[in-house]
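There are 2 protein chains.
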Amino acid sequence: METIDRLRSLDREITLVQHIAAALGWDQETYMPPAAVEERGDQLAFLESLAHEKATAPEIGELLATLGSTTERPDGPEGLPEFDRAYLRVMRRAYDQKTKLPTELVAELAKATSLSQAAWAKARAANDFKAFEPHLKTMVGLSRRMAACLDPDKPAYDVLLDRYEEGASRASVAAVFTPLRTELVRIMDAVKAKPQVDDACLRRPCPEADQVRLSEYFMKVLSYDLDRGRLDKTAHPFTTTLGESDVRITTRYHEDFFPSSLFSTLHEGGHALYELGIAPGAAYARTSLAAASSMAVHESQSRMWENMVGRSMGFWRHHLPQASRMLAPVLDGVSLDSFYRAINKVEPSLIRVEADEVSYGLHIILRFELEAALMSGDLAVGDLPGAWNEGMKRFLGVTPPDDASGCMQDIHWAVGLFGYFPSYALGNLIAAQLWEAMKVQGLDPDAAVERGELSAILAWLRANVHAPGAAYSPDGLVRRVTGAPLDASHFVRYLDAKYAGVYGL
Amino acid sequence: METIDRLRSLDREITLVQHIAAALGWDQETYMPPAAVEERGDQLAFLESLAHEKATAPEIGELLATLGSTTERPDGPEGLPEFDRAYLRVMRRAYDQKTKLPTELVAELAKATSLSQAAWAKARAANDFKAFEPHLKTMVGLSRRMAACLDPDKPAYDVLLDRYEEGASRASVAAVFTPLRTELVRIMDAVKAKPQVDDACLRRPCPEADQVRLSEYFMKVLSYDLDRGRLDKTAHPFTTTLGESDVRITTRYHEDFFPSSLFSTLHEGGHALYELGIAPGAAYARTSLAAASSMAVHESQSRMWENMVGRSMGFWRHHLPQASRMLAPVLDGVSLDSFYRAINKVEPSLIRVEADEVSYGLHIILRFELEAALMSGDLAVGDLPGAWNEGMKRFLGVTPPDDASGCMQDIHWAVGLFGYFPSYALGNLIAAQLWEAMKVQGLDPDAAVERGELSAILAWLRANVHAPGAAYSPDGLVRRVTGAPLDASHFVRYLDAKYAGVYGL
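As given, the protein sequences belong to chains P and V, one line each in that order. In case it helps, our numbering puts the first sequence at residues 569 to 1073. In case it helps, our numbering puts the second sequence at residues 569 to 1073.
The hints are simulated quantities; they were obtained by calculation from the structure and are not laboratory data. Glycine residues also receive a C-beta, built at the ideal position from the N, C-alpha and C atoms. Everything hinted at is true.
Going by beta-carbon spacing under 7 Å, a handful of chain P positions derived as facing chain V:
hint: 1; residue: Asp-595
hint: 2; residue: Arg-796
hint: 3; residue: Gly-811
Derived DEER-like restraints, expressed as beta-carbon distance ranges:
hint: 4; chain 1: V; residue 1: Thr-598; chain 2: P; residue 2: Glu-630; range: 40 to 46 Å
hint: 5; chain 1: P; residue 1: His-822; chain 2: V; residue 2: Ala-1031; range: 45 to 51 Å
hint: 6; chain 1: V; residue 1: Ile-979; chain 2: P; residue 2: Asp-719; range: 54 to 60 Å
hint: 7; chain 1: V; residue 1: Glu-581; chain 2: P; residue 2: Gly-735; range: 36 to 42 Å
hint: 8; chain 1: V; residue 1: Glu-776; chain 2: P; residue 2: Pro-889; range: 28 to 34 Å
hint: 9; chain 1: V; residue 1: Pro-775; chain 2: P; residue 2: Leu-669; range: 55 to 61 Å
hint: 10; chain 1: V; residue 1: Ala-675; chain 2: P; residue 2: Phe-806; range: 36 to 42 Å
Start from the sequences, fold in the hints, and give me the full structure.
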């Protein structure tokens, strides 16, 4: 066990450096004086390079080789306790991904990404896809080369997907997304046939100070412990982990649309609860095992609290009176039913980040199909705008008036994040499947929400999802907790039930 | 020049790590969730050890040796530009101080300091000097050993003084303090013979929000640029440097004594202006030359803005109307004269950190004499309380009722900071001497304050004091800027003039 102890000790130092970088990143977004930005960039680059150096130290490779070659002995991986085996899996995966990329490629990627991001920002502002096109071509090419370095035997897109969702492939994602797409289009069409919901009550002016108090109220409701976290204001909401007892969230306040801060607090609070609940045991504290299983699992937690809890009738039956008092007079005269319908309004729109629970998945599936085709070469970069607009028309019935609100709206591809989008939608599916698993296991989460007793749900999530950290792959975790592989039916049932109520489908 | 380039490059990395640590330290005091404290301690310890490792790298020693052995060549130190020579002086000093202490002694000091600090806090709360005495004995002994390692040929206290004020010795400090003591006692006695000033107007309840706005107003008055700094709230006010363009200050708010936040903002603002004004040229940006000359020079800047500017009649003639409006109704009916006298009230008291401009120096001189005697062995640790109380009686005419408000009031000795106290009082003397130098050089700082034109004073300080950074030793800087070595007469003249007005001496 000395070898694995040494490995954990080296690993803990990597985690520590990452936490220090997170503290600097948080400060940069919250309180840093503006003129410090260049120097802060140097500080973060130093920490990143320090973490990389530590993560690719030959000693880690040697320790992993030693531990991997002891399969024949009783203390070899096969004979090790489950979490030790899981830890070796996580460490090998991280070490491989970090050491397989040649330094020249990493440098080329860094430079191209920086240029591409700047070009994207400029091209988006000018609505000029042609100016962005050569950079996107470069990023596609470099991502393909990166995938070939990581695993030359697999299709590039499979390799890229696996970086964010361990074990995922184009086929495994398509197996879930293809039926989902059909169902989402069906629900969207049904909604479109009904009279639209009136959400004007959400757009009444609401002072920032009242929204701050409302966010504080809901952090308490979520049992998000402010001894181990905090809420600040930033341009874009996020969650960041500065330590095992220091997970912070941020939000933004729109005085003419208070749900923005309210739901982002629930969303980021869900991410924070996950991070704070990770507890793979003292031996693995502050190691790479004390991390989320995947980005989709993370998103399942934020979306469960934001949507399945935070946009449910039961939740607002319990909390609307208090929220109305806190925001008075904004919600005066707004009935529970009107409020519930307003916060669940469905409307096909052009922009992913503003999408409702039904259209969101369609935005993602379009990106999944397009990026898979870009990677396989079935779609040329130059044909992206046309394919995008055609897909938007087919899935959502809307046509972007320009590429700025079309295929250039997201930063992801500009900075080489191919394979990242699916996680967002997979998170919704995982959340719905976990919710049903709670029911099967005798916990009635809907009734708990209705009674305002969220602690039972949190306890279940902590035990089943949070505590193991990265011990299980996302697929492994879903199978283990729900007894079945991920499928879209749970989420579709959830949507059907909800929108039957909201729109009388 | 390649050698010195390499040295600067290694040095910049040390500075960068120190700035990262400063960011984490700032966060810990301002916004960090309470449960994160232990982990933050680990992060800071990691950074400290990383900085130490970099600062004691053998390569630095080799580069210094190479640069030092080139005296015979035209590009040797004697032939180098002034700032290059100064840089080598600063780097040699730092490298020597960091490499001369054996690792065992550093470890022993760290452990003893931690125990001693805890014992001090407990003993002070219980007013039990006997419980603290063995720890203080240990700290005295370890400090003597440390001094012997740094320079076995000099008396221990000289070595310790030099750590904070380059070139200072017991004799050089006494040469300034001995006449100062006589004069301070004279002024104090004269004040005591006069009717006391009424400062009740400063103790009227004043909401924190108004004090925040007042602090913001005075940061603008000082030209403390919030693009490169900020103000936050902490238990104890401080200034910290997170980067050459990121120098932050903090304050605290007492609703029943608003001058606390007001003058701490001016004081810390003065420290921040110094740090932000350091500009030894592009080649030395972010190196050890881009640092303060000494702690006393730093204190001269904070005290100049707090006292010579911030407690002057001219300053308040200009700003009292605006301050009264901002704090209304707190200062309603308070005349300029009453306010000026109230903020300059002199009263012998037990506690250094609450002392006025006259008694402050006496508190410091007592500590200087006692710590010098402790280090030379002329005073036994067990005799400290008696010597303290006798000194307080002799200098200030007050006798502490207990050791908690006597010799145990400050943390410094408990954590081994012997030789540190004199800097506080030297700062006052330097400030007064600089102020007179401005006059000699044709700038009328009092008239500038009266007109509300502080920028002329700041520009002079930037050019003469701030910009060179650590290029000159404190003594060298004072001689260079004022044309004479430091002496107490300027400060005494300043006090005489001020208190003639306040108390009609």
